[in-house]
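Between the sequences and the hints, there should be enough to build the whole structure, so can you do that?
So you can see what is in the structure, the chains are spelled out below.
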Amino acid sequence: MTLSTQQSEEDSQFILVAKADNARNVSNVLKAVHFKDKELATVFASENGLKVTVEDSKSVQANAFIQSGIFQEYVIKEQSATFMVNLTILLECLTIFGTGTSGVTPALKMCYGGYGTPLLLLLEENGVVTDCSIKTLEPEETLDFNFCGANVINKIIMKSECLKDAFQELDMTSEVLEILMSPDKPYFRLSTFGNAGSAHSDFPKDSDLVESFQCTKTQSNRYKLVLLKPTVKALMSSTKVSIRTDNRGFLSLQYMIRNEDGQICFVEYYCAPDEEQDEENDD
Amino acid sequence: MKCMIPGSNIKVFGRSIHCLSKIGEDLYIEPLDHGLALRTVNSSRSAYACFLFAPSFFLSYINGTYNQQETNQEEEDSFRCRITMKSCLTVFKSLYTLEKTVDKCQVYIDLKDCRLVFLLHCKHGIVKTHNLTYQETETLQAVFSKDLCPNHIVANSKALIDVVSGFQTSQEEITLNVTPQQVSFKNYVEDEPDPNKVVHSEMFLSPSEFDDYTVGIDAEVTFCLKELRAVLSFADAAGLPMSLHFESTGKPIVFAMESEQTLEATFVLATLADLPSSQSSTQHRVSAASQHTAVNHTSHTHSLTKQRKQAVNNSSSRSHSNQADDRREFRKTKPPNTKRQNEMDFPDDLNNQRETSHCRQPGSDRMKDIDAEFEHQDRVQARGPSSPVIPLHSHVHRASEHQTRPALFPEIKAAPKDNDRATQITQCVQPNRTVLARYEEPCDEEHRVNAKQQTGVVAPDDQCVDSANVSDSEDYDFVPGTPPSKRVGVYMFKSMFFGASQQLSQSLETAQKSSAVFKSMFFGASQQLSQSLETAQKSSAVVLCEDTDEEDSD
Numbered sequence: 020m021t022l023s024t025q026q027s028e029e030d031s032q033f034i035l036v037a038k039a040d041n042a043r044n045v046s047n048v049l050k051a052v053h054f055k056d057k058e059l060a061t062v063f064a065s066e067n068g069l070k071v072t073v074e075d076s077k078s079v080q081a082n083a084f085i086q087s088g089i090f091q092e093y094v095i096k097e098q099s100a101t102f103m104v105n106l107t108i109l110l111e112c113l114t115i116f117g118t119g120t121s122g123v124t125p126a127l128k129m130c131y132g133g134y135g136t137p138l139l140l141l142l143e144e145n146g147v148v149t150d151c152s153i154k155t156l157e158p159e160e161t162l163d164f165n166f167c168g169a170n171v172i173n174k175i176i177m178k179s180e181c182l183k184d185a186f187q188e189l190d191m192t193s194e195v196l197e198i199l200m201s202p203d204k205p206y207f208r209l210s211t212f213g214n215a216g217s218a219h220s221d222f223p224k225d226s227d228l229v230e231s232f233q234c235t236k237t238q239s240n241r242y243k244l245v246l247l248k249p250t251v252k253a254l255m256s257s258t259k260v261s262i263r264t265d266n267r268g269f270l271s272l273q274y275m276i277r278n279e280d281g282q283i284c285f286v287e288y289y290c291a292p293d294e295e296q297d298e299e300n301d302d
Numbered sequence: 035m036k037c038m039i040p041g042s043n044i045k046v047f048g049r050s051i052h053c054l055s056k057i058g059e060d061l062y063i064e065p066l067d068h069g070l071a072l073r074t075v076n077s078s079r080s081a082y083a084c085f086l087f088a089p090s091f092f093l094s095y096i097n098g099t100y101n102q103q104e105t106n107q108e109e110e111d112s113f114r115c116r117i118t119m120k121s122c123l124t125v126f127k128s129l130y131t132l133e134k135t136v137d138k139c140q141v142y143i144d145l146k147d148c149r150l151v152f153l154l155h156c157k158h159g160i161v162k163t164h165n166l167t168y169q170e171t172e173t174l175q176a177v178f179s180k181d182l183c184p185n186h187i188v189a190n191s192k193a194l195i196d197v198v199s200g201f202q203t204s205q206e207e208i209t210l211n212v213t214p215q216q217v218s219f220k221n222y223v224e225d226e227p228d229p230n231k232v233v234h235s236e237m238f239l240s241p242s243e244f245d246d247y248t249v250g251i252d253a254e255v256t257f258c259l260k261e262l263r264a265v266l267s268f269a270d271a272a273g274l275p276m277s278l279h280f281e282s283t284g285k286p287i288v289f290a291m292e293s294e295q296t297l298e299a300t301f302v303l304a305t306l307a308d309l310p311s312s313q314s315s316t317q318h319r320v321s322a323a324s325q326h327t328a329v330n331h332t333s334h335t336h337s338l339t340k341q342r343k344q345a346v347n348n349s350s351s352r353s354h355s356n357q358a359d360d361r362r363e364f365r366k367t368k369p370p371n372t373k374r375q376n377e378m379d380f381p382d383d384l385n386n387q388r389e390t391s392h393c394r395q396p397g398s399d400r401m402k403d404i405d406a407e408f409e410h411q412d413r414v415q416a417r418g419p420s421s422p423v424i425p426l427h428s429h430v431h432r433a434s435e436h437q438t439r440p441a442l443f444p445e446i447k448a449a450p451k452d453n454d455r456a457t458q459i460t461q462c463v464q465p466n467r468t469v470l471a472r473y474e475e476p477c478d479e480e481h482r483v484n485a486k487q488q489t490g491v492v493a494p495d496d497q498c499v500d501s502a503n504v505s506d507s508e509d510y511d512f513v514p515g516t517p518p519s520k521r522v523g524v525y526m527f528k529s530m531f532f533g534a535s536q537q538l539s540q541s542l543e544t545a546q547k548s549s550a551v552f553k554s555m556f557f558g559a560s561q562q563l564s565q566s567l568e569t570a571q572k573s574s575a576v577v578l579c580e581d582t583d584e585e586d587s588d
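Which chain is which? The protein sequence lines are U and Y, in order.
Heads up: the first sequence begins at 20 in the working numbering, then just goes up one per residue.
Heads up: the second sequence begins at 35 in the working numbering, then just goes up one per residue.
Since the hints were derived computationally from the structure, they do not count as laboratory data.
Bear in mind that the values here come from a model prediction, so they are computed numbers and not experimental data.
Among the hints, erroneous ones may be present.
As the list claims (entries may be wrong) - For each label pair, taking beta carbons as the anchor points, the in silico distance ranges come out as: (1) Y:Cys148 x U:Glu294: 23 to 31 Å; (2) Y:Lys157 x U:Met255: 15 to 23 Å; (3) U:Ile176 x Y:Lys157: 18 to 26 Å; (4) U:Ser87 x Y:Ser77: 56 to 64 Å; (5) U:Lys183 x Y:Ala271: 20 to 28 Å; (6) Y:Glu294 x U:Asp280: 47 to 55 Å; (7) U:Gly146 x Y:Ala271: 25 to 33 Å; (8) Y:Gln169 x U:Asn266: 57 to 65 Å; (9) U:Gln282 x Y:Ser293: 33 to 41 Å.
We put the beta carbon where it would ideally sit given N, CA and C, even for glycine.
Below is the structure:
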């Protein structure tokens with residue numbers, strides 16, 4: 020074990036101790052829920068693993084699930100622990116040895132002593148140890164989007180590859196992204212309405228990149244593009260994506276992220292539709 | 035207009051957009067019978083770029099007004115539009131992705147919704163549609179003629195890239211200097227009081243480095259590096275040799291590329307009209323000017339020009355289509371390689387009275403400046419009562435003066451208000467003001483100089499040379515052995531206004547035959563002018579300076 024300098028009796032004072040041989044497996048997933056201007060993330064720790072939640076404008080919520088299997092050692096003494104932490108700082112600490120993809124990967128030990136105590140990180144690479152202590156904050160209540168599978172109207176699972184271009188080329192002068200899902204043509208369409216005109220990307224349902232196409236009703240909703248912007252990060256590191264909308268027009272995007280060791284993590288975004296939709300549809 | 039770009043060509047097309055985007059902010063699209071033209075001009079109108087994609091570039095190319103039922107009486111022939119470069123770049127943002135994913139791209143005009151549509155058919159059945167708003171516009175056309183240029187060099191783009199990469203990225207302009215023996219590129223340094231503070235770099239190339247090397251006259255041209263870099267980035271990626279056509283200081287330089295009859299790219303860059311004192315000897319030009327005075331009845335000097343830059347930017351204010359039509363009428367012929375011209379391309383046309391009234395307007399403050407400049411020239415009256423000065427500087431004796439880049443697109447102003455026009459028309463009954471500047475082969479000049487010095491004739495109407503110089507000039511000893519390169523700098527009169535009328539080109543032809551090239555700064559010369567030209571030619575004296583006084587009354 021690379022962190023052999025740590026004595027096990029020291030660990031007894033922590034309610035959560037998680038060790039990973041590759042800190043990047045953790046940091047890559049956390050990056051997918053990192054919003055540029057929303058730095059605070061709520062961390063729920065349970066015996067299943069960590070769930071990190073970031074919210075913006077009470078309209079979008081991103082959840083990253085790092086299941087306990089990602090860690091080589093994962094010990095939690097209480098049923099659950101919840102705290103809030105600055106995600107920007109956490110990510111900076113996790114990538115303190117750089118993000119290069121060279122063979123050497125830093126090992127991580129993460130410890131949390133309970134309410135009011137800081138989150139301790141120990142990173143080690145090539146015998147160099149970094150000791151980080153990040154202050155935790157009072158957890159805030161997170162939104163419940165009440166998005167349940169029973170209300171899902173349309174669902175498409177596709178390889179991320181084809182959405183990557185589409186999302187990267189989105190016209191950011193547009194205020195909204197319109198997502199149309201339909202059992203009939205054009206099946207799945209992303210539209211923007213920017214200064215220079217409109218742009219659409221159409222994806223046929225029989226494309227070899229579409230794995231599952233379960234659309235029952237034509238539905239077209241608009242979502243604020245600024246809110247969806249952080250999803251591009253998740254999309255870029257993902258291999259597959261599931262797009263779902265429910266009867267209220269709420270959007271759920273689930274990204275499957277495969278890490279360097281071949282393990283799979285999930286990142287999920289919920290987004291509320293743009294309420295001005297009806298007015299804007301007039302043009 | 036409807037065309038389909040095959041996947042194999044989409045990258046070239048995208049790259050041309052990227053190249054254009056480095057030059058101008060708007061993209062002018064014009065479908066022509068012989069291909070699709072994409073053009074742009076930079077904000078100071080000193081650089082113009084045009085890509086012409088031949089029909090064979092496309093899978094299919096239809097240039098027609100096929101779904102044009104209602105509307106558009108103005109569009110008598112074809113459709114032209116302008117879109118912002120930014121919007122077009124969103125379509126062709128990533129060349130890599132384009133190349134990898136796009137199978138074909140359809141471009142068409144949706145006249146019903148007034149959108150220019152780019153339909154990208156990508157792999158996996160994905161279809162991306164970009165509906166871009168456009169503005170209808172007149173044709174953008176620089177008026178230039180590369181075929182008349184005495185200097186023609188064909189270079190491998192790699193060689194030019196090597197040259198350009200030798201200069202700092204902060205360098206704004208470079209000077210190209212050619213002689214039959216060698217080519218040099220050096221950085222252009224603007225007025226810097228302390229010469230020790232400036233880095234001067236110069237790079238010499240031998241003519242053998244070039245695929246073709248024809249240098250008719252020694253020339254030194256200074257142009258913008260930024261645009262050249264954009265041009266080269268395309269040439270490099272396309273792997274096309276580039277041909278340079280240029281003439282002399284102040285005349286535009288043309289970069290052209292051609293690819294197997296599918297693609298033609300032409301870039302016209304304005305060159306600085308005056309050489310910096312630090313680089314070419316001021317001394318020389320001053321002395322040359324005085325020398326010139328002695329012979330001013332034979333070769334009339336106007337180192338015209340530059341500077342219309344500030345005026346040019348107002349050009350949008352004058353897009354009165356009928357006015358443009360008028361102009362078109364008057365300009366029945368076009369110089370080679372010029373297709374349609376719209377008002378923005380036209381030189382100030384002095385051959386027509388209405389035209390005159392229009393072009394008298396531009397930059398009246400400019401003219402004031404010029405008037406002011408001439409006020410302190412003692413010889414102003416010598417030009418005779420009916421000839422106030424042409425609104426163009428002569429910088430022969432003012433080498434240190436601030437430098438400006440000439441615009442490629444001379445300004446033509448909005449039509450004057452009606453009452454203005456009325457007065458102007460009456461004024462225009464007087465002879466039009468026209469200036470002919472003239473280029474003569476040095477050897478020819480030499481003759482004249484000597485001849486003139488013998489007879490001691492000084493033309494009464496030289497307006498370009500300072501009186502001080504004039505007095506000196508009589509003592510000036512012309513040295514026959516002066517290297518041509520030096521003399522050329524003096525006798526080259528350049529025009530920022532390209533575009534010859536038929537008459538002028540005729541006289542040009544004759545002029546060329548007689549080994550003297552006449553250039554008019556206002557190429558739209560009237561018949562009257564060309565007649566005078568011919569007469570002038572016969573009598574080997576070219577001074578036409580007639581004018582109305584209206585700018586004085588402004």
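Enumerated hints in conflict with the structure, sorted upward: Hints 7, 8 and 9 contradicted; others consistent.
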